[in-house]
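Position 115 (the sequence shown) corresponds to 115 in full-length UniProt numbering; numbering is contiguous.
Derived from the structure by calculation, the hints contain no laboratory data. Because the structure is a prediction, the values reported are computed rather than measured. Check each hint, because a few of them may be wrong.
To be verified - Here are the simulated BS3-like cross-link-like pairs (lysine-lysine), alpha carbons at most 30 Å apart as the crow flies:
id	residue 1	residue 2
1	LYS204	LYS77
2	LYS207	LYS77
3	LYS77	LYS179
4	LYS118	LYS172
What the hints assert, rightly or not - What follows is a set of in silico ranges between Cβ atoms, one per label pair, in the way DEER data are often shown:
id	residue 1	residue 2	range
5	ALA103	SER57	25 to 31 Å
6	HIS197	ILE135	16 to 22 Å
7	LEU257	LYS118	37 to 43 Å
8	ASP87	PHE107	31 to 37 Å
9	TYR224	ASN129	21 to 27 Å
10	GLY28	HIS197	33 to 39 Å
11	ALA56	LYS179	24 to 30 Å
Ideal placement from N, C-alpha and C gives every residue a C-beta, glycine not left out.
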Amino acid sequence: MQRFADNSQPSSSSLHVHPLTEEGSELGDQISVISSEKQKKGGGLTHQLSDVSRFASNGWHSDITFEPVPSDYAMLKIHTLPATGGDTMWASGYEIYDRLSPAMQVFLEGLTATHDAKFFLDEAERLGNPIRQGIRGSPLNQGAGLMAVHPVIRTNPVTGWKSVYVNRGFTKRINGVTKDESDVLLAYIFNLLTQNHDAQVRFKWRKNDLAIWDNRSTWHCATYDYDEARAGDRVCSLGEAPYLDASSKGRREALGL
């Protein structure tokens, strides 16, 4: 994974270390365990302690956007599978940007959003494990704050295309507008994501399959349609602090579509 990311990441970025000690793997601190059994015990995005969401769509997210320097690429290997179900879905941030009206694109390009994962602090306290406060793959990712401010629209430095960069998992509000306005804007973006199946792909895992994706311009979500065990190992490399290049274009414009 590190060799893959070396092609584009800054020299100050390496592999991410998850802030939760419980997330670690016997393979090393840079490997996170993805486990349905952990979810059942109250961990993760859709099973946050007693606040359990019954909407699977609330699981859509991009990895670790609560860090000042979040993930560029992620890699997931699933080694334990249920007999049926347990797929993963991805959606394109490029396509969702292109589905915004030109006026809305310009408006959102001037805004930032606050991302945080304070629920990990509650989970760490419940588990009796300390939060990893040291450097988590970048000198900018340390401490127990687990909060960052990023542009709502960011530029992917590899493609040069604009992508929507908010998600249900970690984005708490859009800054510079009222809370009510933020809620409306986020709800509209999330509806574009969840209700447009042609902006999504769905992957049916086989044992030991490996998936790689770019967190800068995609969201992903597991399908919680199984009762048996599902588990795997995930690693996230870190890219650059998110930014918007005013001269960058949307995917459709860049490709002349």
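These are the hints, each one checked on the structure:
1. LYS204 - LYS77: Cα-Cα ~13 Å, so holds.
2. LYS207 - LYS77: holds, 8 Å
3. LYS77 - LYS179: violated, 38 Å
4. LYS118 - LYS172: This hinted pair holds, its Cα atoms lying about 11 Å apart.
5. ALA103 - SER57: 25 to 31 Å: holds, 27 Å
6. HIS197 - ILE135: 16 to 22 Å: violated, 40 Å
7. LEU257 - LYS118: 37 to 43 Å: holds, 40 Å
8. ASP87 - PHE107: 31 to 37 Å: Given range 31 to 37 Å: holds, Cβ gap about 35 Å.
9. TYR224 - ASN129: 21 to 27 Å: holds, 25 Å
10. GLY28 - HIS197: 33 to 39 Å: At roughly 37 Å between Cβ atoms, HIS197 and GLY28 fall inside 33 to 39 Å, so the hint holds.
11. ALA56 - LYS179: 24 to 30 Å: holds, 26 Å
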